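*Asks:* Next come the chains, spelled out residue by residue.
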Amino acid sequence: GESVGLHLPTLSVQEGDNSIINCAYSNSASDYFIWYKQESGKGPQFIIDIRSNMDKRQGQRVTVLLNKTVKHLSLQIAATQPGDSAVYFCAENPYNFNKFYFGSGTKLNVKP
Amino acid sequence: NAGVTQTPKFRILKIGQSMTLQCTQDMNHNYMYWYRQDPGMGLKLIYYSVGAGITDKGEVPNGYNVSRSTTEDFPLRLELAAPSQTSVYFCASSSPERERETQYFGPGTRLLVL
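First to last, the sequence lines map onto chains A and B.
Residue 141 in the working numbering sits at position 68 of the first sequence, with consecutive numbering throughout.
Residue 48 in the working numbering sits at position 44 of the second sequence, with consecutive numbering throughout.
The set of hints was computed from the structure by calculation and includes no laboratory data.
Do not take every clue at face value.
[Claimed, not checked] In silico BS3-like cross-links for lysine-lysine, where the CA-CA straight-line distance does not exceed 27 Å: (1) A/Lys144 - A/Lys129; (2) A/Lys141 - B/Lys48; (3) B/Lys18 - A/Lys144; (4) B/Lys61 - B/Lys18; (5) A/Lys141 - A/Lys184; (6) B/Lys48 - A/Lys184; (7) A/Lys141 - A/Lys115; (8) B/Lys18 - A/Lys180; (9) B/Lys18 - A/Lys172; (10) A/Lys172 - B/Lys61.
[Said to hold, decoys possible] Label pairs and their in silico Cβ distance ranges: (11) A/Thr142 - B/Met23: 43 to 51 Å; (12) A/Gln149 - B/Asn66: 16 to 24 Å; (13) A/Gln133 - B/Val54: 28 to 36 Å; (14) B/Ser73 - A/Pro82: 36 to 44 Å; (15) A/Asn100 - B/Pro65: 18 to 26 Å; (16) B/Thr11 - A/Asn182: 25 to 33 Å.
[To be verified] To give an idea of the interface, some chain B residues facing chain A are shown, with a C-beta separation under 10 Å as derived from the structure: (17) Ala6; (18) Val8; (19) Tyr37; (20) Phe94; (21) Gln107; (22) Gly110; (23) Pro111.
None of these values were measured; they are calculated from a predicted model.
Ideal placement from N, C-alpha and C gives every residue a C-beta, glycine not left out.
Excised from the complex, chain A in its bound form:
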């Protein structure tokens, strides 16, 4: 299968600070990526996506950056809030429209 991994399993940040969660992918043919947020006891929830023809995409308080040269994806959360505490997954869609490959996740702890 494809390899989608994360550099940091746990990230602790102070409330109000910015958070950066990283993800590495292995397949250079991947053309679509999604970040998901998973709160305890719930299913993953879509946050933001990006296609390989873009380097950056912004949402509400979130920004995804894609570096195709080093096959790296990051999620930036501005002014992190306690409600942002969750596990964040990146998912990769290499070449099959129907299949996504998920990383193992990064747990974000927001300290008040």
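Keeping the supplied structure of chain A fixed, place chain B upon it in accordance with the hints.
*Replies:* Below, chain B alone, put in the same frame as chain A:
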């Protein structure tokens, strides 16, 4: 819309027992998926379906079966439960719109095989 619903929420099985995990979506999505998530891990694709009557294997299909007789329902069957199948199971659906290939997930079914 209720979105994606799954039943049961939690189940304990004995080794060798069988059960069906139910999944229903009311968004008229053609694509549906079953994933399993082991503790501290990401999601692994078990089976998926691109429409009624069509199913295909994912990364980890062994020990599972699926059917897709309607657009709304995509049940997952475990015939002979094994401890290795202890996991949280998520069902998801998506509409193949080019701009938004996101998947909507259900709340999950937690399965414990003893």
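*Asks:* For the pair A/Gln149 and B/Asn66, does the Cβ-Cβ distance stay inside 16 to 24 Å?
*Replies:* Given range 16 to 24 Å: violated, Cβ gap about 39 Å.
*Asks:* Quick check on the hint: B/Phe94 CB to chain A CB, less than 10 Å?
*Replies:* Nearest chain A Cβ about 5 Å off; hint holds.
*Asks:* Could you see if the CB distance from A/Asn100 to B/Pro65 stays within 18 to 26 Å?
*Replies:* Cβ of A/Asn100 to Cβ of B/Pro65: about 21 Å, so the range 18 to 26 Å holds.
*Asks:* For the pair supplied as a hint, A/Lys141 and B/Lys48, confirm whether the alpha-carbon distance does not exceed 27 Å.
*Replies:* holds (24 Å)
*Asks:* When you check the alpha-carbon spacing of B/Lys61 and B/Lys18, does it fall within 27 Å?
*Replies:* Within the cut-off at roughly 25 Å; holds.
*Asks:* Keeping to a limit of 27 Å between CA atoms, is the pair of A/Lys172 and B/Lys61 held or broken?
*Replies:* holds (10 Å)
*Asks:* A closest beta-carbon separation below 10 Å is what the hint needs, so does B/Ala6 meet it against chain A?
*Replies:* Violated - the Cβ of B/Ala6 stays beyond 10 Å from chain A, reaching only about 13 Å at its closest.
*Asks:* Per the CB criterion, is B/Val8 less than 10 Å away from chain A?
*Replies:* holds (8 Å)
*Asks:* Within a Cα-Cα threshold of 27 Å, do A/Lys141 and A/Lys184 meet the stated pairing?
*Replies:* Violated - the C-alpha atoms of A/Lys184 and A/Lys141 are around 33 Å apart, more than 27 Å.
*Asks:* Does A/Lys184 sit within 27 Å of B/Lys48, going by the straight-line distance between their CA atoms?
*Replies:* violated (31 Å)
*Asks:* When the nearest CB of chain A is found for B/Pro111, is that gap smaller than 10 Å?
*Replies:* Constraint on B/Pro111 satisfied, holds at 5 Å.
*Asks:* Does the closest beta carbon of chain A sit nearer than 10 Å to the beta carbon of B/Tyr37?
*Replies:* Status holds, d = 8 Å.
Violated hints, listed in ascending order, are 3, 5, 6, 7, 8, 9, 12, 17; each of the other numbered hints is respected by the structure.
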